[in-house]
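**Q** Below, each chain spelled out in residue letters.
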Amino acid sequence: MNDRDRALLLRLQDGVPLVSEPYQAIAEDLGMTEAEVIARIGTLLSRGVVRRFAVRLDHRKAGILVNAMVAWRVPPGNVARAAEIMARFPEVTHCYERAVIPGRWEYNLFVVLHGRRRDEVDRDIARLSQAAGIDDYTVLVSTRELKRAPPGLALLLQEAVR
Amino acid sequence: MTDRDLDTLDRQLLEALQDDFPLAPRPWREIGDRVGLPETEVLRRVRRLADEGIVLAISPVLESARIGLPASTLIGMRVPPDRVDECASVVNREPGVSHNYLRDHDYNLWFTLAAGNDAALRRTVGGLAARAGVSSHDLLDLPSVRRFKIGVRFRFLPDGEEGT
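Read top to bottom, the protein sequences are chains P and U. The numbering of the first sequence is full-length UniProt numbering, which starts it at 1 and goes up by one. The numbering of the second sequence is full-length UniProt numbering, which starts it at 1 and goes up by one.
These are calculated hints, taken from the structure and not from any lab test. Using N, Cα and C, we set each Cβ at its ideal position, and we do this for glycine too. Check each hint, because a few of them may be wrong.
[Unchecked claim] Computed from the model, here is a short list of chain P residues facing chain U with C-beta under 8 Å: (1) Ala-83; (2) Ile-85; (3) Val-92; (4) Ala-99; (5) Trp-105; (6) Ser-142.
With the rest of the complex left out, here is chain U (with noise of 0.2 Å):
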């Protein structure tokens, strides 16, 4: 079940819901007024779209920075396209890790990864790298050193056309 034509109202509420959730009793109410839906008909399609699995959840995103996770960095591994399921696993189990992505790249294997100080997020990378068996040339530790943008928001609807 993959990109099933949404109709406009559920491009509507996709944008809609991807805007900071109402802080009130009733929020699909209210954000049924914003689309011109009754809060019934927008419980039905997000229900809809939630089990289609397009939904995952209305939930916080946490900053890292003011949860005890201050320092971050991205790391790339060169892994050898049969050995990537084995890295993979080994990073995946780390807690600080929360994106790894295979990409189509020389360094082929890239995570994020976020910790108390940078002194744990050294130790850390050189324990995955051990026992990921990925040796310091193989790798490139990109720690970030200003954050510009973080807004992950998907368009739906065509410019210009706002849906409120």
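Chain P on its own, in the form it takes in the complex (with noise of 0.2 Å):
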């Protein structure tokens, strides 16, 4: 990544301007090209320092309203496949083999799920264990969300300013 690449991903994280040429009008601001402001945001996506390019969305006001993390304690042997099984289900978000720390925290598997209501959700949590057939696990919804930044957001601006 370099110093265009840097200042075009700064100017993207306000989001592309909603006009019709969005990518005329950063290459204007940027004093680039068309042309180069679109390559450059392919090669970055091919070579997976954008993970995604897409919306970034305020799902609670679009009525998605419950955040569940699900901590699940697997036998070591299975986590890969109770995490594929679990993968698979399009309410789960994420999907994260962790640490445990002995006598204190043994649940291995995180998965986050979002849904509309807080019984739907139970009842893919309920589908969830079913499927990998894992029934020791913990709950723990979100009642306050404190922040939600654009991770790596903060490190670009710090090499921005150097």
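Got two chains here, separate frames each, mind docking them using the hints?
**A** Structure representation (structure tokens):
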């Protein structure tokens, strides 16, 4: 990633302008050509620096009010299989294996589910449990969002001012 | 303004906007072609969804591991209810923290933290705990071992109606 990529990514954090030729507008801001803007985004995507280039939503305002994290205790040899089963559910947005703290926290597989209502999410969790054959778990429903920032933005900003 | 009744076209648009945004000079026209709307109507509807605060931005999600933040962890803290705001403000000031939620559990404050390497991650966790006044037995540090899925995608149409 070079300075031009960084400038472009910083400009894009606020979103593409809602005009008919948004890349042209960004190009004019940054002193690039439209073709360069489009090509750079394509390269950042294909190199995996940008994981996704799509809409960011306030899902609560769109009616998706429930965010539940579920931590499962899965026998070590069974983690990949259980994770792959759970990851196939469209309601599951995140699925990670995590380190345990013996004696204090033995849940090693984490998923996050989003849904419209608590009872729907509870049903989804029951389906996950049944599909993966894991019944030792704890549910942590979010009651307040305290911070949700684009990951990595702060780092980009730090590098930009250097 | 929450959860107004989105019509089917808005729902189809919200689905289409969750795919990668077209890398073409007239991206809204391409989205319009997918959902069967003229470019001007796509823009009108997206602007309205943005005014309503449902659409925040069309923007790139950066892969932390590829921009110098390969180490990451999930922290759970047990914080007394009357100290939640104070602890949250300490945590939120840390630039490596991207998400922080209050959750209905004995461990009630949960956030993700990324750093340049494991040593930096441990230093940051130690510093945060000290500044937040949270002792080590009220803190869970759960580094990620393997990522199986990260695909934040919300469904706005019933199954079998993809709008394409």
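**Q** Confirm or reject each hint.
**A** For each hint, the structure was consulted:
no. : hint    : verdict
1   : Ala-83  : holds, 4 Å
2   : Ile-85  : violated, 10 Å
3   : Val-92  : holds, 6 Å
4   : Ala-99  : holds, 5 Å
5   : Trp-105 : holds, 5 Å
6   : Ser-142 : holds, 4 Å
Checked against the numbered hints above, the structure breaks only hint 2 and satisfies the rest.
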